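S.K.: Chains A and B are the protein sequences, given in the same order. Going by the working numbering, the first sequence opens with residue -1, and the numbers climb by one from there. Going by the working numbering, the second sequence opens with residue 13, and the numbers climb by one from there.
By construction, these hints were calculated from the structure, which means they are not laboratory data. Computed from a predicted model, the values in this text were never measured in an experiment. No residue lacks a Cβ here, since even glycine has one placed at the ideal position from N, Cα and C. Keep in mind that the hints are not guaranteed to be accurate.
Computed cross-link-like contacts, DSSO-like style, restricted to lysine-lysine with a CA-CA straight-line distance of at most 30 Å [as the list claims (entries may be wrong)]: (1) Lys240/B to Lys47/B; (2) Lys120/A to Lys153/B; (3) Lys9/A to Lys153/B; (4) Lys5/A to Lys195/B; (5) Lys101/A to Lys77/A; (6) Lys202/B to Lys138/A; (7) Lys101/A to Lys47/B; (8) Lys9/A to Lys47/B; (9) Lys21/B to Lys138/A; (10) Lys59/B to Lys202/B; (11) Lys59/B to Lys23/A; (12) Lys160/B to Lys21/A.
Short derived list, chain B residues pointing at chain A, Cβ under 10 Å [stated by the list, open to error]: (13) Glu95; (14) Ala139; (15) Lys195; (16) Cys255; (17) Asp267; (18) Thr269; (19) Ser271; (20) Thr312; (21) Lys314; (22) Gly315; (23) Val382; (24) Tyr384.
To give an idea of the interface, some chain A residues facing chain B are shown, with a C-beta separation under 7 Å as derived from the structure [unchecked claim]: (25) Pro28; (26) Leu32; (27) Ser68; (28) Thr85; (29) Pro87; (30) Lys120; (31) Cys124; (32) Arg157.
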Amino acid sequence: MIQFSEKSLLKVQEIIARYPEGKQKSALIPVLHLAQEEFGGWLDVPVMDYVAEILSITPIEVYEVATFYSMYNMKPVGKFLFEVCQTGPCMLRGSDDIINYIKTRLGIGVGETTDDGLFTLKVVECLGACGYAPMMQLGKHYKEHLTPEKVDAIIEECRSFSAINN
Amino acid sequence: MSTKLLLDKANIEGIRFYKAYRENGGYAAVEKAFKMTPAEIVEEVKKSGLRGRGGAGFPTGMKWSFLAKPEGVPRYLVCNADESEPGTFKDRYLMEFLPHLLIEGLIVSSFALGSNRTYIYIRGEYAWIPDILEYAIEEAKQNGWLGKNILGTGFDCEIYVQRGAGAYICGEETALIESLEGKRGNPRIKPPFPAIKGLWESPTVVNNVETLAAIVPIFNMGGEEYAKIGVGKSTGTKLISACGNINKPGVYEIDMTISVEEFVYSDEYCGGIPNGKRLKACIPGGSSVPILPANLLFKTAKGETRLMNYESLSDGGFATGSMMGSGGFIVLDEDQCIVRHTLTLARFYHHESCGQCSPCREGTGWMKRVLYNLEYGKGKLSDIDLLWDIQRRIEGNTICPLGDAAAWPVAAAIRHFRDEFEWHVLNPEESQVRNFGLAHYADAREVAV
Chain A
-1 MIQFSEKSLL KVQEIIARYP EGKQKSALIP VLHLAQEEFG GWLDVPVMDY VAEILSITPI
59 EVYEVATFYS MYNMKPVGKF LFEVCQTGPC MLRGSDDIIN YIKTRLGIGV GETTDDGLFT
119 LKVVECLGAC GYAPMMQLGK HYKEHLTPEK VDAIIEECRS FSAINN
Chain B
13 MSTKLLLDKA NIEGIRFYKA YRENGGYAAV EKAFKMTPAE IVEEVKKSGL RGRGGAGFPT
73 GMKWSFLAKP EGVPRYLVCN ADESEPGTFK DRYLMEFLPH LLIEGLIVSS FALGSNRTYI
133 YIRGEYAWIP DILEYAIEEA KQNGWLGKNI LGTGFDCEIY VQRGAGAYIC GEETALIESL
193 EGKRGNPRIK PPFPAIKGLW ESPTVVNNVE TLAAIVPIFN MGGEEYAKIG VGKSTGTKLI
253 SACGNINKPG VYEIDMTISV EEFVYSDEYC GGIPNGKRLK ACIPGGSSVP ILPANLLFKT
313 AKGETRLMNY ESLSDGGFAT GSMMGSGGFI VLDEDQCIVR HTLTLARFYH HESCGQCSPC
373 REGTGWMKRV LYNLEYGKGK LSDIDLLWDI QRRIEGNTIC PLGDAAAWPV AAAIRHFRDE
433 FEWHVLNPEE SQVRNFGLAH YADAREVAV
């Protein structure tokens, strides 16, 4: 059964308290972030239904929001999601080469996940790091001024992190 | 000469935290403003001439004075931190390094507008910044600047941080409000404007991060003094986020009297173009505003020196000028391909179109596909006119300005670089390996030196 941890449930209550009485639907976007983090990095239908239930809104209200915003994953992703920016300012500083390098290095195309389930490559539009391009988002943080060497180091770091935590 | 009002304290050790911020004059603007009436505060902001720093440049004091004040209905201030315009990363810098400056500006503004619940709506990708802001909010609260009965005035205020989840459109104020209500970011039809019916149907003001931060120096120095900085209707200072092919990408604070040429070549700012390359083109105000070739960047069509301010950057209209926009300054060197660059922007707008209005939903995808063909050597000469036609039919025909924002970069690229598009069509194979020659796009500086 899908159920938030105690800690997350408290967080949900704290978020709802930010809005006036009866406006708990406003908590939907932050709560979907929590759900994605807690339930495997993507939003499966039962997870969205659960969110609808705890916010007392209809499931369709959750689906339409979840599918609108690009940060919600509608299908499973690898443990480490590389989201590489490809918009103009990053392109000017070589993001195409970085995307190609990651493809070759991991042996996957855009939108694909490595066989070991560790890495997914996604291309995204402008993340507001244009002065530090090329860049990608990895979890909560930005990896900026990317070079092939830096990409190698990031991949290694992810692999050892995963090995330690398994 | 450089006047710094926002970033003057950015290098002070520990300025991100309350202690250092307060010791260096922080929260003095709140002390000053809370001795005034809300109406006097609005007047002071009007006197400063401050214009919205998010992109539209609308006078802030006037926007505030439009706020409806019906009895018994709450009013809201929402800080727009959904910074998503390609080339723009100034608000991120402010929030990351000077969170208390924004909080201080928000407290003064909330008091002026009578907002007891103020929200900072931040783009979801800036996932580490809410922690920084929430820490600063907590510090401000501990020290009596937020919460109940602030400074004994009887005014209560809480500030909350709301994360978005990846949608450029939520930078548009009514889409932002929809998103804050837990919905898709579909812009609303106006009127009614948010000042009458905004968040949860209540009167609402939405202001950009930099605009709200600028409230602090305005009260520290007085609106009239603030208005003396700059030129004409471009008062105060502006943050410019510079990127692309320059030696020193980053966030710079300028007073709006410096020339574009100085901004590009001075070591105090961009530091010139790397590897001795020449400047080909520049988008001076975020990806939506028209691109300018080098020969129109440093000088206007009338031959006057172009300055980094609202009026000068837009001198010549869209025919030979551009816009200040959000201050996202994107520089392209001689090796860059205008067709490819325009394709990435068209792809961006297609990705970000909310899909509500058909000219934008269909038109952005169509422009992207035509540009893709041109870029990859599969284009026809008639495609250039087709592109022009599509962008013309999007502009002005949508609920929100995203349609215009998608149309303008394509129009400007064709207007100024039509021969480069034609060259792509006529040299499909060669265009895959090298870019169109420079000819009349030669660096203005080259002539001068």
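S.K.: Next, verify each hint and record whether it holds.
M.R.: Going down the list of hints, with the structure as the test:
1. Our distance criterion of 30 Å between C-alpha atoms is met by Lys240/B and Lys47/B, whose separation comes to about 24 Å.
2. Between Lys120/A and Lys153/B the CA atoms are separated by roughly 40 Å; this puts the pair beyond 30 Å, and the hint is violated.
3. Simply put, Lys9/A and Lys153/B have alpha-carbon atoms about 20 Å apart, close enough for the 30 Å limit, and the pair holds.
4. With a C-alpha separation of about 25 Å, the suggested pairing of Lys5/A with Lys195/B holds against the 30 Å cut-off.
5. A C-alpha spacing of about 17 Å is found between Lys101/A and Lys77/A, which places the hinted pair at or below 30 Å, so the restraint holds.
6. Taking the CA atoms of Lys202/B and Lys138/A, the gap is near 36 Å; set against the 30 Å cutoff, the hint is violated.
7. Between Lys101/A and Lys47/B, the direct Cα distance comes to roughly 60 Å. Violation of the 30 Å bound is thereby established for this hinted pair.
8. Straight-line distance between C-alpha atoms of Lys9/A and Lys47/B comes to about 37 Å, which puts the hinted pair past the 30 Å bound.
9. Distance hint between Lys21/B and Lys138/A is fulfilled; the C-alpha atoms sit about 28 Å from each other, no more than 30 Å.
10. For the suggested pair Lys59/B and Lys202/B, the alpha carbons sit about 28 Å apart, so the restraint of at most 30 Å is met.
11. Distance check on the hinted pair: Lys59/B and Lys23/A sit about 39 Å apart at the alpha-carbon level, beyond 30 Å; violated.
12. Between Lys160/B and Lys21/A the CA atoms are separated by roughly 22 Å; this keeps the pair inside 30 Å, and the hint holds.
13. Interface hint at Glu95/B: satisfied, since its Cβ lies 5 Å from the closest Cβ of chain A, which is below the 10 Å cut-off.
14. Given the 10 Å rule on beta carbons, the hint for Ala139/B holds: about 4 Å separates it from the nearest Cβ of chain A.
15. This hint holds: Lys195/B has a C-beta 7 Å from the nearest C-beta of chain A, less than the 10 Å allowed.
16. About 4 Å separates the beta-carbon of Cys255/B from the nearest beta-carbon of chain A, less than 10 Å, and the hint is met.
17. For the restraint placing Asp267/B at the interface with chain A, the shortest Cβ-Cβ distance is roughly 21 Å, beyond the 10 Å limit, so the hint is violated.
18. Below 10 Å, beta-carbon pairs count as interface contacts, and Thr269/B has none with chain A, the closest being about 23 Å; its hint is therefore violated.
19. Hint on Ser271/B is violated. Least Cβ distance to chain A is approximately 21 Å, over the 10 Å limit.
20. Look at Thr312/B: its Cβ only gets to about 25 Å from chain A, farther than 10 Å, so that hint breaks.
21. Taking 10 Å as the C-beta contact cut-off toward chain A, the hint placing Lys314/B at the interface is violated, the least distance being around 29 Å.
22. The interface hint given for Gly315/B is broken, as the beta carbon of that residue sits about 29 Å from the closest beta carbon of chain A, more than 10 Å.
23. Restraint check, Val382/B versus chain A: the minimum CB separation of about 18 Å is more than 10 Å; hint violated.
24. Interface hint at Tyr384/B: violated, since its Cβ lies 13 Å from the closest Cβ of chain A, which is beyond the 10 Å cut-off.
25. Here the hint on Pro28/A is kept, as its CB sits about 6 Å from the closest CB of chain B, short of 7 Å.
26. Against a cut-off of 7 Å between C-beta atoms, the interface hint on Leu32/A is violated, since the closest Cβ of chain B lies about 10 Å away.
27. Here the hint on Ser68/A is kept, as its CB sits about 4 Å from the closest CB of chain B, short of 7 Å.
28. Checking Thr85/A against chain B by beta carbon gives a least distance of about 5 Å; that is within 7 Å, so the hint holds.
29. Satisfaction of the interface hint for Pro87/A is found here, the shortest Cβ-Cβ separation to chain B being roughly 5 Å, below the 7 Å cut-off.
30. With 7 Å as the threshold, the beta carbon of Lys120/A stays out of range of chain B, its nearest partner Cβ sitting at about 11 Å, so the hint is violated.
31. Residue-level restraint check for Cys124/A holds (minimum Cβ-Cβ distance to chain B is 4 Å; threshold 7 Å).
32. Restraint check, Arg157/A versus chain B: the minimum CB separation of about 23 Å is more than 7 Å; hint violated.
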